[in-house]
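Student: For the protein sequence lines, the chains are W and Y, in the order given.
The first sequence begins at 1 in the numbering used here and counts up one residue at a time.
The second sequence begins at 1 in the numbering used here and counts up one residue at a time.
Since the hints were made in silico from the structure, they are not lab data.
From a predicted model like this one, the values you see are computed outputs, not experimental measurements.
One or more of the hints may lead you astray.
As the list claims (entries may be wrong) - Below, a sample of chain Y positions facing chain W; criterion: calculated Cβ distance under 10 Å:
{"id": "1", "residue": "39"}
{"id": "2", "residue": "127"}
{"id": "3", "residue": "130"}
{"id": "4", "residue": "132"}
{"id": "5", "residue": "157"}
{"id": "6", "residue": "171"}
{"id": "7", "residue": "187"}
Even glycine gets a Cβ: it sits at the ideal position worked out from N, Cα and C.
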Amino acid sequence: MEPDWPDWTEVEIEAEPENQSHRTRFLILAAVVSLALGYMIYAAFPGNALYFLTVGELINKTDVHDGRTLRVSGKLVADSFQREGRTTVSHFQLRDENGESAGEYLSATFVGVLPDLFFNPHSEVILEGSYGEDQIFQTDAILVKCPSKYQSLQEETLLSS
Amino acid sequence: MLGNGVRQNITGYLVVLSGLFMLADLYLIFVVAPTDAVLGHVQRVFYFHVPIAIMSFLAFFLVFLASIAYVVRRDGKWDRLAHSCAEVGVVFVTVALLTGIIWGRPLWNTWWTWEPRLTTTLILWLIYVSYLMIRSYASNQQQAARYSAVVGIVGFVDVPIVYYSVVWWRSIHPSPVVGPFAQANALEPIMLWILLFSMVTFLILFTYLVVERTALRNSEDRLLGIRLVARRAGR
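Using the sequences and the accompanying hints, generate a full structural model.
Tutor: Shown next as structure tokens:
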């Protein structure tokens, strides 16, 4: 900056003597806040609070079969989809795409409008709902997990033809 | 620092350049870019969402570096840079969140869900909003600079967490399409080129905004200096 003006570091709106205890308090507060944030980030995700379970995990973790709200992710089993008459009640099955549990099927039921990309063979479906003793996943909401791969319309038509 | 004339020249060039790049970018995104086979036209949001999110990371990295420089050197110019980058960064991360919300609805069937990438990004937004709040609550400039420098340094911890969140935890969010964790062939070449062009475009826009905001902070500080001189003379 131009030397005609006082140096920025001299500028104080209200001159306030440097208070040592004030500063310590601030540093402690900053440390507490950052530790709390770090802990929240750490505690929010791993272990019991995974964003979703796989089909195999859901079926084998019998302790969560008590009607609590869960998320489960899997592939829609082709040809398993059925709609009850002229209603919005639908039944379908999910399975893990690969791994040991790929042979296990999860039956689910949902009432409502299905997402646009529900039947897209490239995406995975994430169900929010609960799983009880009837062995049928009662779906409250459906999310669609899209592949992290993008392909143009022309390209796909070329490949499939 | 730079003289006024030189600075005005630079900002002038940057405005024209970012305008031209933005027009070309819009043409590439809406006319040249192929329509996605699965996701359709809404996939074009990608060319805004990803570069803007990356620019916000860059902004907070600069806040981090400038805050360290301020703590070490106690020179006001580093605080001005950190403050400007933080403001522009908050704008960019806000837009990244909003564009995510817009295409989350048709793609995921929800506007928002509490999953790792989204939650850590919201925390990022809160950290840098609190950075700006701490500045405005401070009783003088030095205090604002010191306190916000602490937030600027500590808060940066969340940036790598946001980036790695999709690698570390199960997430609905797609994994990176560029960088060390990108899948091979995640993008077609034409899509990758348009994405890179879009990044350059937003980098120019980001640079312009930071240069302009830093200049504004300079003026604010000068005005404060004039007031101080006037007050001392009046005594």
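Student: Any hints from earlier that this structure breaks? Give me their numbers in increasing order, please.
Tutor: Failing hint: just 4.
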